[in-house]
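The task is simple: from the sequences and hints, build the whole structure.
Protein chains: 2
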Amino acid sequence: MKFKVKNFDIEIEEYKVVMNVLDVNEMGLMAGDRVKVKNKESVTAVVEMTDTMLPQGVVGIYDEVWKKLRIKKGEEVEILPAAQPESIALIKKKMDGNKLSKDEFYTIVQDIVDGNLTDAELTAFVTSTYIHGMDLDEIEWMTRAMVDTGERIEFDKHPVVDKHSIGGVPGNKVSLLVVPIVAAAGLLIPKTSSRAITGAAGTADLMEVLAPVSLSASEIKDITEKVGGVIAWGGATNIAPADDEIIEVEYPLSIDPYCQVLASVMAKKCAVGAEAVVIDIPTGSGTTVRTVEDGRKMARDFIELGERMGISVECVMTYGGGPIGRTIGPALEVQEAFCVLESMKGPHSLIEKSTSLAGILLEMGGVAQGAGKAAAEEILRSGRALQKMKEIIEAQGGDSNVSSKTIQVGDKKTDWLSPTGGYATEFDNKRLIEIARAAGAPADKGAGIVIHKKKGEAVKKGETLITIYAEKSWKLENAIREAQRKEPVIVEGMVLERVPDITETRIR
Amino acid sequence: MKFKVKNFDIEIEEYKVVMNVLDVNEMGLMAGDRVKVKNKESVTAVVEMTDTMLPQGVVGIYDEVWKKLRIKKGEEVEILPAAQPESIALIKKKMDGNKLSKDEFYTIVQDIVDGNLTDAELTAFVTSTYIHGMDLDEIEWMTRAMVDTGERIEFDKHPVVDKHSIGGVPGNKVSLLVVPIVAAAGLLIPKTSSRAITGAAGTADLMEVLAPVSLSASEIKDITEKVGGVIAWGGATNIAPADDEIIEVEYPLSIDPYCQVLASVMAKKCAVGAEAVVIDIPTGSGTTVRTVEDGRKMARDFIELGERMGISVECVMTYGGGPIGRTIGPALEVQEAFCVLESMKGPHSLIEKSTSLAGILLEMGGVAQGAGKAAAEEILRSGRALQKMKEIIEAQGGDSNVSSKTIQVGDKKTDWLSPTGGYATEFDNKRLIEIARAAGAPADKGAGIVIHKKKGEAVKKGETLITIYAEKSWKLENAIREAQRKEPVIVEGMVLERVPDITETRIR
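Chains as they are written, first to last, in the working numbering: chain Y, 1 to 508; chain V, 1 to 508.
Bear in mind the hints are in silico, worked out from the structure with no lab data behind them.
Since the list gives no way to pick one copy over another, a pair counts as held whenever it fits inside one copy or between any two copies.
Straight-line alpha carbon distances no greater than 16 Å define the calculated EDC-like cross-link-like pairs of lysine to aspartate or glutamate that follow: (1) Lys93 x Asp256; (2) Lys92 x Asp256; (3) Lys472 x Glu26; (4) Lys67 x Glu11; (5) Lys36 x Glu78; (6) Lys38 x Glu78; (7) Lys68 x Asp114; (8) Lys40 x Glu78; (9) Lys6 x Glu75; (10) Lys102 x Glu86; (11) Lys72 x Asp9.
As the structure is a prediction and not an experimental result, all values here were calculated from the model.
This is how it looks when you write it as structure tokens:
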């Protein structure tokens with residue numbers, strides 16, 4: 001049937017049209033069904049119904065379809081019933097607890113990337129994988145499908161290594177140290193990272209204090225080949241794009257299915273061409289992985305998935321019960337990392353964790369047999385890591401004259417004093433993050449928290465426990481109110497245990 | 001923060017606003033979070049983000065929020081971060097396989113009715129109940145919450161009885177006979193029914209051939225008290241409104257969780273004040289309930305749920321392997337039912353099933369001790385059911401001078417001939433429904449199928465197997481193409497087994 005068009009000038013990130021209920025019935029359809037919208041080109045869209053908003057014979061077309069078909073005002077389009085994407089039946093199959101095949105995962109992931117599934121349909125898929133889980137075959141197929149439906153980087157130089165931290169620990173600025181140490185040792189490390197979703201600062205938020213992070217896949221390749229390393233925002237690339245769509249529907253429900261974490265991390269590492277990867281698995285209350293047992297299982301699964309994908313993986317379980325270092329929030333964390341790069345001055349927990357992770361990569365990359373940590377410490381102490389970090393900043397388009405002194409933090413601040421004397425005891429990561437977010441992190445780069453007293457330290461009454469920084473007075477007040485809800489206290493963190501790659505896979 | 005408003009003149013059936021990504025970040029929010037939108041009144045809405053469509057400081061407001069707050073052009077509104085509805089955490093709890101409490105079901109159902117959940121969030125809930133199921137406590141609480149969040153009918157006269165058929169069987173026009181028989185016997189039967197979702201004609205679609213079916217709860221009460229019965233469209237009332245929202249998200253995924261079927265049916269029966277209910281459970285391939293064992297389990301659960309709700313329930317398992325009677329599609333089915341009402345002429349399967357179901361209600365309602373079926377047959381044979389049906393039609397605003405002769409069926413038709421001689425053998429319900437829908441049913445009332453040869457009947461080569469009716473030539477052609485995809489063949493249907501109420505619950 002031919003329809004007049006009305007443009008709904010709104011981006012909804014789905015292919016969707018609106019039709020009068022009588023037209024929808026006439027075509028034997030229901031709301032939620034698909035139609036083919038056709039002029040010279042065609043696209044499949046989901047139908048919404050209206051009783052009153054549009055007369056019969058007029059179809060309301062949202063921006064995505066409008067632009068895709070390059071519709072002109074006054075033009076007519078043909079609307080025809082269309083079959084549901086094959087993925088719907090496959091989602092139903094997963095919902096019923098059945099294992100999906102390799103081809104079936106490709107079908108679903110391609111439909112995700114092409115925008116053929118509604119948020120509700122994608123939520124049904126993610127919910128089903130959350131409840132039923134996936135076995136390692138399925139995780140492998142999901143990973144491969146995510147890699148193959150996006151851009152891939154192939155390096156001319158080798159070896160290429162990478163690092164990933166499982167989430168939940170505030171203040172985890174270790175990538176700012178690991179990347180330059182590893183690059184300074186002559187390995188390639190094309191690190192893509194995320195922005196904070198529920199946290200106070202993701203690695204991409206940190207790096208953005210220093211340089212642009214929205215880089216294309218080819219920019220990531222060029223910069224990495226030139227200076228050895230990069231710290232980019234994964235969301236700006238077209239690397240494993242299905243992952244971004246999945247994360248979007250996970251967010252409102254605060255779910256993060258185990259199988260999707262494995263597939264997501266490994267898909268990104270595989271797509272950037274990594275040959276050896278170290279995975280940091282913080283465990284503790286408030287982190288994604290709660291117990292050491294869960295951490296060991298995840299480590300084993302990462303290692304096996306790595307083998308299947310041809311990537312050598314080592315995992316370290318780290319203490320995640322408290323923040324890494326003494327700062328939370330973009331600029332404050334960058335400042336702390338720069339102090340370490342400039343003079344090795346800084347929290348023991350941060351230096352320990354960073355050099356441990358970097359050391360493992362140096363060993364895996366074959367540039368420090370059995371003495372990776374010492375080599376990493378030496379690169380840090382010698383200033384070569386600082387020099388490399390400045391090269392990376394400059395290559396990404398930032399100012400390489402930056403130093404811990406020049407990094408701007410929020411000029412609104414307040415000291416949070418201890419109401420009593422004694423020893424600082426634990427408080428959970430979530431509280432710290434909530435206060436930092438209330439102060440404006442991660443959007444306000446200068447907002448965050450400096451921790452003065454950590455777990456076990458003696459505190460006098462009236463001594464400062466934490467200092468809250470903000471860029472705006474009203475956000476500082478929000479943060480103070482947030483802190484007043486429950487008194488803050490403090491903890492410490494470092495590597496608990498190292499899980500080596502079981503097999504003797506060598507880097508190609 | 002204060003924002004200028006821009007009206008997005010579109011009904012999306014959700015409270016939603018669109019904001020520039022920088023404003024969303026500034027507020028420490030992400031897409032999918034909630035905000036409070038405030039002028040003199042306030043409403044909680046979900047945030048969508050845009051990079052380009054709106055500048056900073058302007059909020060795009062869809063129709064639902066716009067109307068709720070009675071916003072005027074040029075007005076400013078305040079936007080504040082708002083907490084997620086409590087239901088989200090409860091959905092997560094169900095997703096994790098935990099049992100929800102009575103209060104928790106009320107919270108979720110109230111949020112569903114109030115439009116506080118997105119389609120994706122509601123899909124996550126429905127998917128979780130599909131996978132994990134609910135125990136009978138949970139089903140009872142869900143049912144009660146659905147009843148209590150909508151309108152209820154309280155009758156002054158008693159007893160009030162009702163009937164429901166579980167779906168999947170084409171041609172199931174028995175309500176058109178059961179309702180007038182039962183009403184003619186002096187019982188009240190306020191039947192609300194559905195339109196076809198995936199079928200060729202729901203009971204509401206059938207009744208609409210005869211009279212308006214969009215009745216309010218008070219109209220249903222008045223008509224039932226006046227003439228004894230009504231056949232209304234449940235979707236037009238505010239009875240158990242959560243059910244309509246749930247069905248909307250189930251449709252695109254073609255899921256119909258067992259626990260939701262129980263809650264949905266009993267909520268509607270309870271809300272109309274039914275004291276005794278007969279449930280028809282057709283079993284067979286292509287129906288909702290596949291096996292007799294599954295049917296027995298469903299019967300037991302319906303009976304127990306009824307006890308908990310104070311409703312006396314009997315279930316009958318019926319043959320669902322083929323269509324009821326010889327017609328499929330609104331006008332054709334009504335015509336067939338009228339032939340039976342007028343002269344007891346018609347398919348044995350239809351008369352048997354209708355008088356069996358009606359008979360059980362007569363017994364449960366205390367007007368035909370132990371001889372319900374015979375009493376129902378007598379009411380039908382005597383013409384009292386026909387007279388009552390005409391009263392019901394008139395009371396609903398239809399023309400009571402209707403007869404099987406005056407009902408208009410589609411004037412486009414084609415005979416589908418047997419390509420060979422032999423005996424008619426089975427073919428699945430789904431194929432018949434697909435052909436009838438291709439011909440235009442249920443939207444085109446005159447479209448459908450007449451079945452000439454049923455299972456086991458001898459057929460000569462070239463004899464007519466079915467006749468396809470349509471109102472429009474192009475739809476008749478669609479139906480022929482649909483029939484050509486696979487040859488049609490034929491089956492028969494009647495009551496297989498009766499499952500009595502185990503307890504001796506008497507009607508109050």
